[in-house]
Amino acid sequence: MQREEVLKSAASEAPPRVNEVKRFFKVFLGRPLVVFGLVIILVCVIMAIFAPQIAPYDPLKRNLSEALQQPSAKHILGTDSMGRDTLSRLIYGSRISLIVGVCVVLIAGGIGVTLGAIAGYFGGLAGTFIGRAMDALMTVPMLVLALTISALLGGGLKNIIIALGFSLIPGYTRLMTSQVLVAKETDYVLAARAMGASDLKIILRHVVPNCFSPILVMVTMMMGTTILAEAGLSFLGIGVPPPTPAWGSMVTDGREYLLTFPILSIAPGVAIMLVVFAFNMVGDGLRDALDPRLRGVL
Amino acid sequence: MTGYIIRRLMQAVIVFFLVLIGIFFAMRLLPGDPIMMVVSKQMASTATEADIEKLRHEYGLDKPLLVQFFNWLGGVFRGNFGVSITNGRDVLSDIMRRLPVTLHLGLLAMVISFFFGIILGTISAVRRGTWIDTVVTSLANIGITIPVFWLGIVLMYIFALKLGWLPVFGYTSPFTNFLENTRQIIMPVFCLSVTSVAVIARQARSSMLEVLHQDYIRTAWSKGLLERAVVMRHALKNGLIPVIVLAGLGLSGIIGGSVLIETVFNIPGMGRLAVTAMLNQDYPVVQGVVLFFAAMVLLTNLVVDLAYGWLDPRIKYQ
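If you read the sequences in order, they're chains G and F. Everything in the first sequence is counted per this note's numbering, starting at 87 for the first residue and increasing by one. Everything in the second sequence is counted per this note's numbering, starting at 135 for the first residue and increasing by one.
So here's chain F without its partners, still in its complex pose (with noise of 0.2 Å):
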């Protein structure tokens, strides 16, 4: 198991290497002068060559670009992801401002997904055929190809313009309001949660199915147990392990979606700020979201990957 663990953090640094290279060179080398990175448009039509080129030398994007890179990289690592460009901010302050409305966002919406995405995979898989499977795996198929961020808008026209349930949008910290919060997020998690839903009763539903044929558990029935304890205790123990597996793909389309939902209501988040940030070409605000982003994910990946190794004893020897 150590070997495996060490492997796995190996293989997790190096790709979180990969990004940063990946981040930094996409940020040099496409069309445009990096100079963009520190100065807005307005500023750069207007200011004179002199300027630019002084800017140039005292940001250090007069040096070799590898240089540049170990610069930049320092940097990073000690937490200095630049200024934005549009308001001057310092651009890590206002990710960590934003971070907890998405974070709660996010695993409110995973945490959703999970459980029921599991509760109704299951259920689709042991009555297999019957009305309730067709109507799971219908709205499966619905769920998976619903535009998110125009189910926004309709549960927006429904339930906050005309039967005006809900708030139309915003966001209030629920350590302010608890219970206008809980009103606000009700909409925008619901849409967050939805593909992931859709997707985990999917793969619930299809490795339910595989396990129930297998001979233990028709040993398990053979020996007089009840249907509960068939399914509870033999089948999901080794249904749920592929399941599991999901969890990194889920929370990246839960970020994927957050972009869309926080920008359908209006939510202060990390999506929101990504958004605004690429409209404006804000690069040091872009770079630090993405490299946000992307940790997020391999943290959750190397997670999944150990708790995999843990719950399933073949994967350790391989």
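If we strip away everything but chain G, and leave its shape as in the complex, we get (with noise of 0.2 Å):
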């Protein structure tokens, strides 16, 4: 009697696999922000992809008859001054957000966590230099680091994603440097060397995986970051130069109609604040259901 429950403690203390995704499934969908978020999301990525079917009007046909009009229900969100309906540039919009968000992410996730690995697997000189490296980059405030490389390099969508994905960078290596210092202390690494495996085997099939929560973690996070941070910079002027619509210049654009059309500036701001908001609530969520110091519970 006593020992079953002893047996069955213990099982309940190291559930199998199976339960671990239902669990993981159970906390990260059981929270409605997170639900949310991820709606908005997928809102937002079917926007850019279907942007041609989904828009009423071309987004940079001007019409001149019809500028700067309230919205009506002919124009949901009404037109600006050169008479571009603002619902169809919004929709548009989220392409850029969403290329930007996409690639920065993977160039300052590839490179940061790259870094990082060499720099917390084999420490010593390389270690201490990138550190140190990192250090200095991350003494410049990211958006004026993003700001002068976009400035050096010129405007553009390529430029852009540089720029940004250049500033996330040390982000990603401090984590990586931190996970890695970690994970290579432990008991399958060492498992690992013993049976004579390569550095880079050891790095690639036993290390990274093992820091792969805190760096999907990261890497939604910084998804909102990134495409708040483009904002930013094509409101101060320094980004996809116009026509292309952006969510950043439209927010610039409408400035000089506030007044009288304040719709024009405040329906970009929306946007971008949803979405940010969602990828933020998503990777709280994600943060809380791969913890595995909740592995077991609930």
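Don't take every hint at face value.
Just the calculated beta-carbon pair ranges, DEER-fashion [stated by the list, open to error]:
| no. | chain 1 | residue 1 | chain 2 | residue 2 | range |
| --- | --- | --- | --- | --- | --- |
| 1 | F | Pro198 | G | Ala283 | 44 to 50 Å |
| 2 | G | Arg117 | F | Arg162 | 47 to 53 Å |
| 3 | F | Ile140 | G | Val125 | 53 to 59 Å |
| 4 | G | Ser264 | F | Glu314 | 46 to 52 Å |
| 5 | G | Gly240 | F | Asn221 | 17 to 23 Å |
| 6 | F | Trp444 | G | Leu154 | 58 to 64 Å |
| 7 | F | Leu297 | G | Met168 | 29 to 35 Å |
Which stretches of chain F does chain G cover? Using the computed rule of at least three CB atoms under 8 Å from a CB of chain G, they are [unchecked claim]:
| no. | stretch |
| --- | --- |
| 8 | 154-162 |
| 9 | 195-207 |
| 10 | 220-230 |
| 11 | 349-363 |
| 12 | 380-389 |
Facing chain F, according to a computed beta carbon distance under 7 Å, are these residues of chain G, among others [unchecked claim]:
| no. | residue |
| --- | --- |
| 13 | Arg218 |
| 14 | Thr225 |
| 15 | Pro227 |
| 16 | Met228 |
| 17 | Leu345 |
| 18 | Ile358 |
Calculated directly from the structure, the hints in this document are not laboratory data. No experiment lies behind these values; they were computed from the predicted model shown. Every residue gets a Cβ at the ideal spot worked out from N, C-alpha and C, and that includes glycine.
Taking the hints as your guide, dock the two standalone chains into a single complex.
This is how it looks when you write it as structure tokens:
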């Protein structure tokens, strides 16, 4: 009787793997805000992909006879000073935000994780150098650094991606370094080394996969940060050149008509906020659901 | 402790040196002719090849890169940041004229952020699960999400254009007209603080939650202490250490925000200077501003780390 209870509790302490996946989804999807975030992201992705089909008008087509109209049944969010439909520009604007977000996360994540793995695993002179270089990069505020790089390279989609990608490297490197420092002291790495695995194999097969969760959380959060930063850059006029619609520059364009047509500035701002909020909520949810301390609970 | 201070100072010097190297080589090695550092685009398009060559020689841009670097470094340490290529003014004096404006707004925002961030975060941790916690957490989530430049525009629309309570934009020195200055900076300082209040409140909440579970807090409770004493005297002391570490990051965020907010409210500070210089590709000014920003963050981080070593005795022995 007693023995069975002990066995039972032992079993509940170490649940089988299937339960782990179930538990993840239970925690992750159990939060209304996470579901809300996922829906927003999904809507945004669909908007970006099917923009030509969804948008009621051509976002670039000028129609001065319909310039500066208040919201109506024909133009749900009204039109701007060149008679372009605000809703259509908003829908197309999601493309820039998402493209920049995804590309920047890939660049910064790729370089940052690699540098972090090198610094954490090998340490020594390379580790110190990488660490100090990241410290140096981090002393320049992210937005200022991105602004400087894009000023040097010139605007345009590609250069914005490079500028933001470069500016966001240190976050990944630091996270990865600290993760690897812990992972490389574990028994499974020792076992792999004892079996004669090369450093590269240990890093790729054993160390990196075990640092996956925090990196995934960071990637999600950084999508929000990147979209916010891109909007800031295009608000300042250093971004994707007009007439391509981007949410940040739409806020700038609307400023001139703030008193009479506030919706021109307000609508794109709400769009930025919703998408950034969505990525942050999903990131928060992922962090909690992937937290190893919660494993076996719930 | 002395060993720790020396190590940390050395580290700061090395990092500052790396920043200098980074700035110099970024300006020299990226696409474009470094002569653009001293002449504007229009000048370059009208000047003859010989004129350009003469200028190149005058500014030492025909010397080896390493020689150029040390010449530049010497100039920087003597306070010579060059002259602006758009208006010909001395970069350092331009920066010095605008620095007080940004410091005024930034330091106010910093104080407000820590004050409200810590209070809100602590209350929401102590009252975990109640409506106060829900309100604070939701506000914090919105705070880290909101595009500050957009918030500035919305506030401007409501409080300046619609209600007419505050001036639309501009900046008057507080020494000229204190009241006008206060009215002008309410919205910009609010916008600058929003994100960092949210970040600090989140950090304060999570670190206080951790501390409130510690044994010594249970001991404090079981001694029959009042809640105020438990929170203020026992929990806050340890709970705030991770929050103080955010000072460097907070300043960095506020500087980034000042670039946007000074543009929105047309405030003649460093942020506005940076944006104008970058739009005009006025490289000497860009270089000077970035260097100043980096030095400010570096100094804050140094002070924070030294304070950290003093506050948390465990650090010293590592």
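Results for each hint:
1. F:Pro198 <-> G:Ala283: 44 to 50 Å: 46 Å, holds
2. G:Arg117 <-> F:Arg162: 47 to 53 Å: Because 50 Å falls inside the window, the suggested range holds.
3. F:Ile140 <-> G:Val125: 53 to 59 Å: Because 54 Å falls inside the window, the suggested range holds.
4. G:Ser264 <-> F:Glu314: 46 to 52 Å: 49 Å, holds
5. G:Gly240 <-> F:Asn221: 17 to 23 Å: Between G:Gly240 and F:Asn221, where Cβ atoms are some 22 Å apart, the hint holds.
6. F:Trp444 <-> G:Leu154: 58 to 64 Å: 60 Å, holds
7. F:Leu297 <-> G:Met168: 29 to 35 Å: 30 Å, holds
8. 154-162: Coverage by chain G holds here, the residue count being 3 at a Cβ distance below 8 Å.
9. 195-207: Three-residue rule not met by the stretch 195-207 of chain F, so violated; n is 0.
10. 220-230: Since 0 is below three, the answer is violated.
11. 349-363: n = 0 at 8 Å, threshold three: violated.
12. 380-389: holds (count 3)
13. Arg218: Holds: closest Cβ of chain F sits about 6 Å from G:Arg218, inside 7 Å.
14. Thr225: Constraint on G:Thr225 satisfied, holds at 4 Å.
15. Pro227: 4 Å, holds
16. Met228: 6 Å, holds
17. Leu345: 5 Å, holds
18. Ile358: 5 Å, holds
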